[in-house]
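These are the residues of each chain, in order.
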Amino acid sequence: MRIRRDRALSALILLPSVVAVGVFVYGFIGWTAYVAMSNWNSFVPDLSFAGLRNFADLFQTPRFQIDLRNTLVFTLTFLAGCLGIGLLLAVLLDRQIRGEALFRNAFLFPMSISFIVGGTVWQWLLNPSTGVNLLLDAAGLGALRSPWYTEPRIAIYAVVIAALWQMSGFTMALYLAGLRGISDELREAARVDGASDLQLYRHVIIPLLHPITLSAAIVLGHVSLKIFDLVFAMTGSGPAFSTDVPGIFMFETTFRGNRFAEGATISIIMLVMVAVVIIPYLIYSSRTEAEA
Amino acid sequence: MAERRRLAQTALALLLAVAVLGIVPGTGLQAGAAKKLEIFSWWTAGGEADGLKAMFEVYKKRFPGVEIINATVAGGAGTDAKAVLKTRMLGGNPPDSFQVHGGAELVDTWVKTGFMEPLTALYKSEGWLKSFPKDLVDIVSHQGEQYSVPVNVHRGNVLWFNKKIFDENKLKAPATWDEFFKVAETLKGKGITPLSLGDKNKWEAAHLFEDILAAALGAEGYRGLWTGKTSWEGDGVKRALDTFARILNYVNRDHAAFVWDQAAQMLIDRKAAMNVMGDWAAGYFTAKGWKPNVDYGFAPAPGTAGLFVVVTDTFGLPKKAPNREQALAWLKVAGSKEGQEAFNPLKGSICGRTDCDPKKFDVYLQSSAVDFTKNALLPSEVHGSAAPEGFATLFNDILNLFVTNKDVKMAQRALQKACVDNKMCK
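The listed protein sequences derive, respectively, from chains A and B. What the first sequence shows, in this note's numbering, is residues 43 to 334, in sequence order. What the second sequence shows, in this note's numbering, is residues 86 to 511, in sequence order.
Hints in this document: simulated from the structure, not taken from any laboratory. Ideal placement from N, C-alpha and C gives every residue a C-beta, glycine not left out. Any given hint could be a false lead.
[As the list claims (entries may be wrong)] Covered by chain A, according to a simulated footprint, are these stretches of chain B (three or more residues, beta-carbon under 8 angstroms):
1) 167-178
2) 328-342
3) 472-484
Chain A extracted, bound-state conformation:
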């Protein structure tokens, strides 16, 4: 009796959020998918059925092809960079150095700044005629001057630098927590077996950090697949769309060009890209939870 009443009560309490999520998340996803298959490409709503034509058109648009390539390059370099730098910083901090809290906070701090602020700051730092080029000149390293994000071939990496600055601290914090969770006995056991420091990390510690690497990759992956604000504030589309991403294309085509069906199509493709990353992870984690 008691249990049934508890159940009813909890269902009642959950109901509003279930309804809200149903409408405002899944309902709107459905609506967007519907618009993506319509002819609504002007300011007058036109919901006649267009099938997959918007998708076919979009994949033939040069700007969108560039966007997909940019997303791929950005995601790969950003992920590799974040994981690498994060792990390195965590390992260094884990050596019981003095002032650890200071460094930890300093590295984590950029994450607390909004992407818009970070983007604006990096826009100035990597501006070829202000920013770091002046520092290089002053240090007598003028040969290292770079056109940064004004040169289409390397512009995307300028954005990656800004993104790394902003998010590496996050992976550092995750890895640091992971390192603290590895018991000293394991390390000592490895040392007794005669493992060098390098071997210790390669064969013991990094494998033990795998679950953390996976979580970090998922979180960073979905950040980078739908990145918008950082790029928008820093470079916009960039010369020849060298820093353009689907998010910016979606925003401009929808809210400046009034091409709502095309914008919805881009959104759906972005959703699919993120889902491809997230869903396997959700399945994996629910399975491991069930096992535990």
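For this one, chain A is given, so just place chain B on it according to the hints.
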């Protein structure tokens, strides 16, 4: 545990209080104040905001007791404001009157879709058909009815130059692009960047190209681009693209890092000698203490003498405007001599009317006002007058690619496709 629960309760109570307080004053105000007027624009800074305020003062003198709500959304060329406006209009929550560029942005986005109320009666009763030039009235008209009131006119096709650099090198403002290349060679030889460009936001490069198009095609050919009479794949556009590609050899290499006002600043800093921009650049120079014909010189963009590319800000009346009566009164002020003379000297533009007192304006604006009455008036594409917004965004995109790859054929094909896609040509 109990403490934590108490904390949560306090937080919840606070949240509720904020929510309630946030709603109550809003409703209270609506019930309290008698008359209100909400004006939507993207004039948030400097001379623009001052000009708008001056026009509000004129309104308050004529119609005391009306509370004016100045709804502004910041952002150059109004790109962000327009997005906000669209959600408001589609959501059935229009302001009483809003800033909109005359031409396609008004007609295609708002009039054809049935969001605007015609102002033909107001034009008649105020005698505006005589006060405004016919070309300008045409830009705000659709099927014989007028839909908005032009408060100002900016000229899009102006070449600005650092007068000292030009005097030192005994140069004259180039009248054609061929002359431009000669001048540019001389400047380049002296180690001076000939032309400054800042196209981070894409439209700046498109703006420069629009002036080249007008020079290459002339008034009739240029107008034909928006009606399908002039082909985007024809020789005229090809010539314009070739010229543009050549000009790009003379601009600062880091142009992708800057926006238009930073490109104007390069003239002040002697980092470049010339700049092509609309005459809001004059407003920027004035704000920096630069004087016309002393510090900076001006001329029509090369090859566009006798042509006047019009960028006009107008105000219209949306259907279902909550305070229609006050909005009509506002439009009367916006179209009046007094209102325009208060607004324009501060904004740095000339009146839409032709009878404003020239003495209230500086040397540059006086000369612009003279050209305005004599020249052929052309609609600006980049600033929303010539083509639907769907075309305008594609136009920016195509030119953004062209600036880097300089592929004339590809650009021409893409422009023609954009024209067909937006139903401007077949």
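Tested hints:
1. Using a Cβ-Cβ cut-off of 8 angstroms, 3 residues of the region 167-178 of chain B lie near chain A, which meets the minimum of three, so the contact claim holds.
2. Using a Cβ-Cβ cut-off of 8 angstroms, 5 residues of the region 328-342 of chain B lie near chain A, which meets the minimum of three, so the contact claim holds.
3. Against chain A, the region 472-484 of chain B contributes 7 residues with a C-beta closer than 8 angstroms to a partner C-beta. That satisfies the three-residue criterion, and the hint holds.
Checked against the numbered hints given earlier, this structure breaks none of them.
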